[in-house]
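Chemist: Protein chains in written order, with the working numbering: chain D, 1 to 285; chain P, 1001 to 1269.
Be aware that a few hints might be false.
[Stated by the list, open to error] Below are the DSS-like pairs computed for lysine-lysine, each with C-alpha atoms no more than 30 angstroms apart in a straight line:
#1 61/D with 1067/P
#2 31/D with 1179/P
#3 124/D with 1179/P
#4 1179/P with 4/D
Quick caveat, the hints were computed from the structure, so don't treat them as lab data.
Since we're looking at a predicted model, the values are computed, not measured.
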Amino acid sequence: MSMKLEHVSYTYMPGTPYEKEALKDISLEIKKGEFVAVIGHTGSGKSTLVQNLNGLLHPTKGNASLDGVDLSGKSNEAKMARGRIGMVFQYPEHQLFAETVYEDIAFGPQNLGLNYEETDARVKDAMKFVGLDFETYAGRSPFSLSGGQMRRVAIAGVVAMNPDYLILDEPSAGLDPGSRDAVFAEVMELYKKRGTAIIMVTHSMEDAAQFAKRMLVVYDGRIIIDGKPGEVFLKEKEQLLKVGMDVPEVYKLADALRDKGLRLPKEITDAKTLLAEIKRRKGLR
Amino acid sequence: MLDITLGQYYPGNSFIHRLDPRTKILATLLLIVAVFLANTAVGYGALCVMVLFIIALSGLPFMLVLKSVKPLLFIIVLTLLLHTLLGQGEHVLYQWKFLKVTEEGVQMGVKMSMRLILLLMISSILTFTTSPIVLTDGIEALLRPFRVIGVPAHELAMMMTIALRFIPTLMEETDRIIKAQTARGADFSSGNLLARAKNMLPILVPLFISAFRRADDLAVAMEARCYRGGEGRTRMHQLAYHAGDAAAFVFAFAMIGLMAFLRWGPNVL
Ligand SMILES: Nc1ncnc2c1ncn2[C@@H]1O[C@H](COP(=O)(O)OP(=O)(O)OP(=O)(O)O)[C@@H](O)[C@H]1O
Ligand SMILES: [Mg+2]
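Use the sequences and the hints to build the structure in full.
Modeler: In structure tokens form, the structure reads like this:
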């Protein structure tokens, strides 16, 4: 049970002066139930990578597969495989189209060929999941909602398809802190309760450190680092800084304290642990 | 979807690329006149050599320029056939019932189709070597004198610039929306015409909404920067003629002179 890229290269607009090789010989396996963060600076190829993962773009070289099924195929099998991978794009609220919130969320399940009852159940479920009250919102026009609410409707539209793998491209871009936390809480719930594998593109080291169990660093079309966030931030700091990335504030603070002579253990990955350690060292309670 | 590049600008830094857009537009018009003046084999030969010379100067791949003939290929072939099969003349090469292939007809057909091919290649060199934005700048500058008779030169150019600016954006947007709906299992290629039209809704609605949002944003942004039409406006990129432009004009007029000489001058050949 895994999605796989084997020696994948992807070139935009081949054969024109605008030709751009956005991915270069990437091999990668993501198992069911993983939580992967993809980081890298602007234009490094993150979006291209995840779109190859879910079969929206077909590799120029190499191949992408889900449980051994080639995602670029035209067969029914390939179509089914693509249906198991959900994708939430950057600013997903810009893709709403239906007259009511209900219809918009029902679009995906209907395309999966579910009947009326199943679709209805999925919609209700998904709305509950993203914290939108069914009675209040189902009949409203999605365009009369606030930005944060619209994004939740859009995410519900993908969640309603019950994907085994959910790809999110910068899900928190342009949201206020409250809505942002809500979106992450929902994603975490999907991951924990339903066992959905999450692949999340983000610009925030904090988010990657806090949520992900595995981190991919993309640089110039290649994956240059692949490991646990805690280990990566500790061991690959130089490399990260070199490619224009950063480490979370906690790591920087811990390093600064160490420089000042405070003896701290190496494995400090969040603020709580750091605080506890400082208190312990200083004999405070 | 995004493989459609806007217009057909082929970036480069050749002599032709660097010419002032006004020069390029006017020189193109002059060369078109030259093509219409040509009526001898020598004249057409000279024009072909000229086009090859300009292509070499511009650094464009020859095949790229040749491909610009493709959209009108059908008409070119038709012209050739009609003239060949129906042309009048004395030197009959072949006759079958009312179809008569004459030497004059063949000559006429070849000339006419050569003329079309040359026109297409010359005008496409203009669009290949001039980015659309620069081209509108040039058009605006050339139209300016006609303001006295009520041609809204600045407004026309502004509209063209805005449209050009937003075509790639909207294409990108369309691409994104198609991808997003495809990821939700949308199917755009099956079913009858009506079903297919209905399937386009999930693309068209978000596209229109985003176009209106962008238009609105742009209007506000222009307003906020005190845009109020072309009156008394100065520009960031001043167009300026250089020595190369003079050379280009001399060249274009020389071509016209040559064609006129070949057409009306003493029959030297
Ligand atoms: N449709 C396209 N056509 C041509 N080139 C593209 C296209 N999309 C992306 N690129 C190029 O491919 C490279 C990788 O782009 P990609 O969108 O994957 O970057 P990204 O890491 O997602 O960046 P960001 O953080 O800004 O979203 C960039 O250099 C970009 O300019
Ligand atoms: Mg991106």
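Chemist: Hint by hint, say whether it matches the structure.
Modeler: To see whether the hints hold, each was checked on the structure:
Taken as a hint, the residue 61/D and residue 1067/P pair is honoured in the structure, with Cα atoms around 28 angstroms apart against an allowance of 30 angstroms. Straight-line distance between C-alpha atoms of residue 31/D and residue 1179/P comes to about 24 angstroms, which keeps the hinted pair within the 30 angstroms bound. Taking the CA atoms of residue 124/D and residue 1179/P, the gap is about 25 angstroms. The hint holds against a cut of 30 angstroms. Note on residue 1179/P and residue 4/D: the hinted pairing holds, with a Cα-Cα distance of about 20 angstroms set against a maximum of 30 angstroms.
Checked against the numbered hints given earlier, the structure satisfies every one of them.
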